[in-house]
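Based on the sequences and whatever the hints tell you, model everything.
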Amino acid sequence: MTDLVELTIAEALDGLAKKEFSAVELTQAHLKEMEKARELNAYVLETPEVALERAKKSDERRAAGKAGKMEGIPVGMKDLYCTKGVRTTACSHILDGFVPPYESTVSQKLEDEGSVMLGKTNMDEFAMGTANLTSYYGAVRNPYKDKTNPDKFLIPGGSSGGSAAAVAAGLCMAATGSDTGGSIRTPASFCGIVGCKPTYGRCSRWGMVAFASSLDQAGTMTRTVRDTAIMLEAMAGFDPKDSTSANVPVPNYEKALTGDVKGLRIGIPREYNPDKGLNADVRHVWEQTAEKLKAAGAEIVDISLPSTQYALPTYYLIAPAEASSNLARYDGVKYGLRVDGNSLDDMYTKTRTEGFGKEVKRRIMIGTCILLEGYYETCYLKAQKVRRLLCQEFAEAYKKVDVILAPAAPETAFGKDDDSTGDPLKMQLYDVFTVPSSLAGLPAVCVPAGTSEVNGLPIGLQVIGNSFQEETILRVAGAIETMSGMTIRPLRVGGK
Amino acid sequence: MSIDREMVKRLGILSRLRIPEENMDEMVGELTKILGWVDQLKDVNTDNVVPMNSVVEDMQLREREDVVTDGGIRDEILANAPESMDGYFLVPKVVE
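Same order as they appear, the protein sequences are chains A and B.
Under the working numbering, the first residue of the first sequence is numbered 1, with each subsequent residue one higher.
Under the working numbering, the first residue of the second sequence is numbered 1, with each subsequent residue one higher.
Read the hints as simulated data drawn from the structure, not as lab findings.
We treat Cβ as the ideally placed atom computed from N, Cα and C, and that holds for glycine.
Take these hints with a grain of salt, some might be off.
Said to hold, decoys possible - DSS-like cross-link-like pairs, simulated, lysine-lysine; straight-line CA separation at most 27 Å:
hint : chain 1 : residue 1 : chain 2 : residue 2
1    : A       : K350      : B       : K9
2    : A       : K276      : B       : K93
3    : A       : K358      : B       : K33
4    : B       : K93       : A       : K350
5    : A       : K19       : A       : K69
6    : A       : K36       : A       : K152
7    : A       : K358      : A       : K399
8    : B       : K42       : A       : K276
9    : B       : K33       : A       : K416
10   : A       : K57       : A       : K18
11   : B       : K9        : A       : K358
12   : A       : K426      : B       : K42
13   : A       : K32       : B       : K33
14   : B       : K42       : A       : K334
15   : B       : K93       : A       : K426
Unchecked claim - Anything over 12 Å on all C-beta distances counts as not near chain B; from chain A, calculated:
hint : residue
16   : T8
17   : D146
18   : T314
19   : K350
20   : R362
As the list claims (entries may be wrong) - One-sided and incomplete, this derived list gives chain A residues near chain B with beta-carbon spacing under 8 Å:
hint : residue
21   : F98
22   : S214
23   : G332
24   : M365
25   : R388
Okay, structure coming up:
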C-alpha cells in the first residue's frame, strides 16, 4: 500500500476519490507518524478522537457525493486559531486551559471543506518570535539536519514553527499558519516547505488570537504550491465578522498554476541585496532562480524600494503598540490563568507577570512606552507615516513589475543555542525581508528554491505580489518549484 | 527622553507587569537599546505624510442591523472563568 504520509494533498484527494484508501486510514497514518515524531514537539495538543470522528464523517460525506475541497485531508492547526471545545492557548501560560466556546472562521471553513484536524501546533507565544523559542510549551525541532553538525538542534523558524516542522516531517498534509511580520514565510524557508501569507483581508481574522491586528493574516503551509492553491481557496473569503475582511471573490487558485511565466515582469529589489547580512548561498539561489525565470521567458527588472531599511524599526514600533493594546484583555477574570492577589489590581499584576513570557512582556512594555504622551508622536505616529511611504514605494514598483522576487530569510535555519538567539535585536533581523510586505499588506509566498552548499539546509525564496494577486504569485512560485528540481517529501524522523 | 528605572517602573504599573528589582537594569538596558535603534526613523522625511492606521483604510466600514446575532450562551462563556458565581465573573473585593 502507498505510504500515505508521503502524499501531497492533490495526490491524496485523487486517491480518496478513487477509493484507494479512506479518510480514516489517511488520518490513522498521520496520527501514527505524530506519535513517532514527538521529539520534534511540533504539536502542543494532539486530538486523535476529534480527528478520527471527523475522518469518519468525511468518508460518509464522500460516499454521499458531498466531498469538499479538502475532503479527508489531515491538517495541523496553529494554536492561535480558536477551536470549539479544543484547548487554545497561543502557546502562552496566560491562556492555560482556555477552551473556546466558538470556532475561528478559518478553521471552520477548513472543516466545512472536509479537512480533518489532527491537533494544535506549537508556536511562539502570541506569535511573537522568529525561532519558535518563546513558546510556553518549549522549542520545536526542525526535522532538517545541518550536514556539518547533524546533532545540532536546529530551530524551525517562527512563529509558525510547529506547523512548519509538522508539514516538513509528514505529521500532517498541511497546516495553518499566521503571519504578522514573517511568521509563515520564515519557518517555511527554514523547513523547506511552501508558506503563503495572502493579502491582508483575504482570510478572516475572526477567532484568531490577536497579536497586531493591522498586520495579522492567516495563511497556509504545505509541501507543494498546488497544495497551497487548494488550501488557500478553502480558507479564503469574505467574513462579515471581521471588520477588515475583503469582500472580493475567491478565484480558483489551482487554475492559475500554468507554469508559464513568459512575459511576466519580475522585480529584483536592490535593497534586498545588502553587502552584509545576506548569506552567500541564499544570494546564489536567488540569482540562479532569477536566471532560470529569465530563461523561461520572464523579464527581470531591477527595482528600488528605497525605504526598505526603515521597515524593521517601523514594524517594531507598530506591532508592539498594537500588541500592548490587544493583550490588555488578559486580566485573570474571563479565561485562562489567574494568580490570586490581595486586591483587584494586585491580582491583575500577579496574573500578567506570571502568565506572560519574557519576549511578550518586553513587547508590551515597548508598546506601552511608545503610546505614552511624548513618545506617541515621535515614535508611533512617525512609524505610521513611514508605513505609508513603504506602501507607496511598493505601489510605484508594481507599475513596473508583476511580482517581486526576494529572499525569505537572510540565512538558513540556525541552532537553538546559537549566540544570536539571546539577543532580541539580532533575532529581529531575521524578519528583514518579510516585514516590508507585511506592513504593506501584500500577498507573498515562500517556496523552496534550493539548498545551501555549506550545510545542506533548504533555502526558500519569496514571491511578493500586488494586493489580491495571489494567482500571479502562485503561478511564479509553481514555476520556481518546477525549476528547482526539488521534490519535497516528508523527512521521516521516526523512520518509515 | 530616555529610559531609566523610574520609567520602567511606570510602564510596569501601566502594563500591570511587575518588574522584579533584579531585572530592572536589564529591562532599562533592553528598552534603551531598542528605542535607540528605532530612533533611526527620524532620518526619514515624513513631512506632509498622513499616518497610516491600516492598509484597508479606504474601505468603508460596514454597518449591520443592531440585532442580537449571537448570545444566550452565558454558561458556555463562564465555563472558562477562573472563578464565577451565580452567573457572574468573580473578582477580588473592590468595595470595602
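Hints, one by one, checked against the model:
no. : hint             : in the structure
1   : A/K350 to B/K9   : holds, 15 Å
2   : A/K276 to B/K93  : violated, 58 Å
3   : A/K358 to B/K33  : holds, 16 Å
4   : B/K93 to A/K350  : holds, 16 Å
5   : A/K19 to A/K69   : holds, 16 Å
6   : A/K36 to A/K152  : holds, 20 Å
7   : A/K358 to A/K399 : violated, 43 Å
8   : B/K42 to A/K276  : holds, 23 Å
9   : B/K33 to A/K416  : holds, 23 Å
10  : A/K57 to A/K18   : holds, 18 Å
11  : B/K9 to A/K358   : holds, 16 Å
12  : A/K426 to B/K42  : holds, 21 Å
13  : A/K32 to B/K33   : violated, 47 Å
14  : B/K42 to A/K334  : violated, 41 Å
15  : B/K93 to A/K426  : violated, 45 Å
16  : T8               : holds, 33 Å
17  : D146             : holds, 30 Å
18  : T314             : violated, 7 Å
19  : K350             : violated, 7 Å
20  : R362             : violated, 6 Å
21  : F98              : holds, 6 Å
22  : S214             : holds, 5 Å
23  : G332             : holds, 6 Å
24  : M365             : holds, 5 Å
25  : R388             : holds, 4 Å
Of the hints listed earlier, those the structure fails to meet are numbers 2, 7, 13, 14, 15, 18, 19 and 20, in rising order.
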